[in-house]
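Novice: Residue strings, one per chain:
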Amino acid sequence: MMQIAEQVLAASVVLATPILLAAIGGLVNRQGGIVNIALEAKMLAGAFVAVVVSSATGSWLVAVLAAAIVSAAIGYLFSLTITRARANMIIAGLGLNVLVAGFVGFIMNVGFDASGTLRMPDVELLPKLLPGSVAALPLVGEALADLDPLTVFAWLSVAALPFLLANTRLGLRLRAAGNAAHVARAVGLREKSLQDFGTAFAGFYSGLAGAHLALASIGLFNEGLTAGRGFIALAAFYFARNRPVGTALVCLFFGFLDATQIRLQTVGLPPQLIGTLPYAMVILGLCLTAWNLKRKAQA
Amino acid sequence: MAEATTEPAAGRSSLMPALERMAADILRFALPVLFAFFVGAVVLAFIGENPLDTYALMLSEGFGSSRRLAATLSAATPLLFTAVATAICFRSGVFNVGVDGAFVLGGLAAAAAGTLLPVAFGWSIAPLAMVAAMAVAGVWLYVPGLLLARLDVDEVVSTLMLNFIALGLSGFLVNTLLLSETSGNNTTDTIHAVAELSRLMPPSTLHSGFLIGLACVFAYWVWARWTPAGYEAKLVGLNQRFARAVGIAIPASIVLVMAISGIVAGLGGASHALGQVHKFSDGFSAGYGFTGMAVALLARNSAFGIVFGAVLFGALASAGTTIQLFSDVPLDIVNVIEGTVMIFAVMELGRLSLRRGRAS
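These protein sequence lines are chains P and W, in that order.
The first sequence begins at 1 in the numbering used here and counts up one residue at a time.
The second sequence begins at 1 in the numbering used here and counts up one residue at a time.
So here's chain W without its partners, still in its complex pose:
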């Protein structure tokens, strides 16, 4: 999926290209978002709503007070994980669209550990649940990674299909083995109180999973920017033939990024289960894997951009639900904007996108 090669910046001072690149990065982030808000504005105008009023309301509902900001960050939390999980593969040219399924299974594993481990384990339940989630989700995406690396099985199809299998499998488990005895269908029991992640700003649901998410983004930045494995993975994404020529083991690199992607997505599921919903029930992921993909695309896989994009989409989601209450604008406008962002983010808008973004 290498889009184009980096243009040589011959004959210029070293500062100018850096500034130019930064400006291009910002534009690449801003343009699809602006286009999407424009499309949203047309839709809003069409139903007789003033788009500016609606967007102003969304802005204040997204960031207007510390409580609203907490709600936004809370909604951004799962996206930090899913965006990193996506970016780590996309920058290697591995088209992993299975993050949503890994997130779901991670959440399921964490919720299972959070309810089934004996209470006596105390504070250690939460980390154990996270390890379980990372193991399950890591293996889940390791498999299509291995199939891609060894047999050249198209990872788009395999990971897409695995999402549905993850949904079916988790739906089966929460109706049988893990079914709550007290609270009806399609859900596990609530996890032990001691396993819950701490709330950062009560009464908001913002929980310490947000900090873990930020740590993941930071770790991704370090990995991508400063480690040999991260650099090799980037080369694989830029040009496989070159990567092979300089002696990079491409299959190993592909399997590695897929497994890490699963681990990060699983940790995200664990954070959501232990911090946000405190159990696993059907409909656990509200498309977090796909919104995370939109975030990663917007950010062109840069760590800084991911934080920005996750907060943006978090704000959209949290403001979307409240403007539905205060105005005639339905929540669906958020999906309209998100879908448009995804499409515009991959369209090549003029010369700008002919250059390839760098990770981190």
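If we strip away everything but chain P, and leave its shape as in the complex, we get:
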């Protein structure tokens, strides 16, 4: 029993990481006033770049950085269509998801003669940070032994974010751009540039998320690798109403659902239905919030 708990905990942490990274990006983006529907696209691009670069350079670090930078660049261009060309952010985001999926598939097909799955030689996976001996610790041992740099980075980001958003100049300005664009403009802030920064930031973190998906354990790229995780990330920060720590806990819970899906199947809970829980939770959460608001307004 203890052993199962230990395994589930370890798996939950690992599976939560990509969702958490993307959610961090998405929540900062949303604080800046942009709802990013295209986290999925940037994760996919990040995963693809990570595998290719890791294979070419043999360095996980270069691969992770390349993934983040490419995705940040995509995010920045995407942001320009919204802030400068006034494209509707939802449609442009859905369009970007289609475009990036097509583009990645295209490159894979033409450049690597692969369809669906891309296997590359000498892909370096993310290293484990702690020596294997920590696995002997009770309960958390396995989770600690599995710790990779991106997981640590994700949780450090969560710890730093409340401070960064509430106490730094950039954080405050970003939130001003999102919550009161006309005020931000009136006091001389360039709110569009701030929003572009926010979207590039979301791209950066989604790229990391994609890199984690590809390099944490499997070391290959697949067109279905992200499997809607960009939308689960969206669900996470919507459900936690943009609060970093709350979002992280929700992500951990989604990671837990992912980790236990197969086990729960044996007690009669179908995995397809468990997979819909994150989405159902968001709708329920939105309804409760709205209902509360309405009740307060009437009282």
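Just to be clear, a hint being listed does not mean it is correct.
[Said to hold, decoys possible] Facing chain W, according to a computed beta carbon distance under 7 angstroms, are these residues of chain P, among others:
id	residue
1	T81
2	Y238
3	A240
4	N242
5	L273
6	A280
[As the list claims (entries may be wrong)] Here are the computed distance ranges between Cβ atoms for each label pair:
id	chain 1	residue 1	chain 2	residue 2	range
7	W	L177	P	T117	50 to 60 angstroms
8	W	V246	P	N179	30 to 40 angstroms
9	W	R150	P	L269	25 to 35 angstroms
10	P	D113	W	E348	38 to 48 angstroms
11	P	K294	W	S65	55 to 65 angstroms
No lab work stands behind these hints: they were computed from the structure.
Here a beta-carbon is modelled for each residue, glycine too, at the ideal position from N, C-alpha and C.
With chain P's structure known, arrange chain W on it following the hints.
Specialist: Coordinates of chain W only, in the frame set by chain P:
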């Protein structure tokens, strides 16, 4: 999502503005498409393919013969439904992105009815299956409509999430209750032969669902253009405050367009299940809801534009699969073009798009 208000056409004859508007409509349709084909051409040139040759091949594969044309119209069929389902909401300013999920559940309901109803029901199975599909999908989108109208729950998020729930739910059902006993995982049985929609041009898969789709577009045109409810829905989309001031019940209008959207999407799913694939299996919708959205956006919600756009994307899809066979160009180019169209369709390209398109 009202983009901008209509500019007054003061001091001009009544004919000129109409012509001008028509020209602007055509440009608004053509520009994003041209941009997308340009992006596609750059990508093709990058891999050393001659873009013009590729596009010429696509053109002949899309429209070159009656068989190819039938394949194009067959691929356009689901898009007619999903585009109408999207347009009906977008023109009311309701950002429904849940058409794909409604399409899937409609298909599931129709396939279930098509296999479970006794064969003795004969010809009545197909219409019954369609009614089942429309009921299920209509209720499916009625719920987020109600949540939006009563509680102001963001319809983008709710409908987006409902898509995934629809996928999970249908995936669950085709692996349990509706699982075929003969043909393996993730699929229902094949529907009764008597419930299949008739093929219009055998051996092509073009089926009478295409005609139902055209009828839907026509009904949408009539509804939008000639009925009070359609006009009210348009006013809600143009300016909610004005609509409220003239006494339109906005919540009722929102719920109505969402429910109709679901009904149309469900009928589309039924047409696809009964006419095209004859069963329901995982991966039932190849993103038809989202391609339909691209079509509706291009068409600026006009009925005529929807037919045009659906045929265009149908041609892209059907030609895309065959050029993959005849050249080194992968099918993914179609997604590149489709995604670019979606992005460019909502970008405000100069003054042209400052005016708002009218439905129908």
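Novice: The structure should be examined with respect to each hint, and the outcome stated for every one.
Specialist: A quick look at each hint next to the structure:
For P:T81, the suggested interface contact is upheld, since its CB lies about 6 angstroms from the closest CB of chain W, less than 7 angstroms. A hinted interface residue such as P:Y238 counts as satisfied when its beta carbon comes closer than 7 angstroms to some beta carbon of chain W; here the least separation is about 6 angstroms, so the hint holds. Annotation: P:A240 was flagged as interfacial toward chain W, and the flag is violated, the nearest CB pair being 13 angstroms apart, outside 7 angstroms. Interface restraint check: P:N242 against chain W, minimum CB-CB distance 13 angstroms, threshold 7 angstroms, status violated.
Interface restraint check for P:L273: the shortest CB-CB distance to chain W comes to about 5 angstroms, inside 7 angstroms, so the restraint holds. Checking P:A280 against chain W by beta carbon gives a least distance of about 6 angstroms; that is within 7 angstroms, so the hint holds. Between W:L177 and P:T117 the C-beta distance comes to about 32 angstroms, which lies outside the given range of 50 to 60 angstroms. At about 33 angstroms, the beta-carbon gap between W:V246 and P:N179 stays in the expected band of 30 to 40 angstroms.
Take W:R150 and P:L269: their Cβ atoms lie about 32 angstroms apart, and the range 25 to 35 angstroms holds. For the hinted restraint 38 to 48 angstroms between P:D113 and W:E348, the CB-CB distance of approximately 40 angstroms keeps it satisfied. One distance hint, 55 to 65 angstroms for the beta-carbon pair P:K294 and W:S65, holds here, with the actual separation near 59 angstroms.
Taken one by one, the earlier hints fail for this structure at numbers 3, 4, 7, listed in ascending order.
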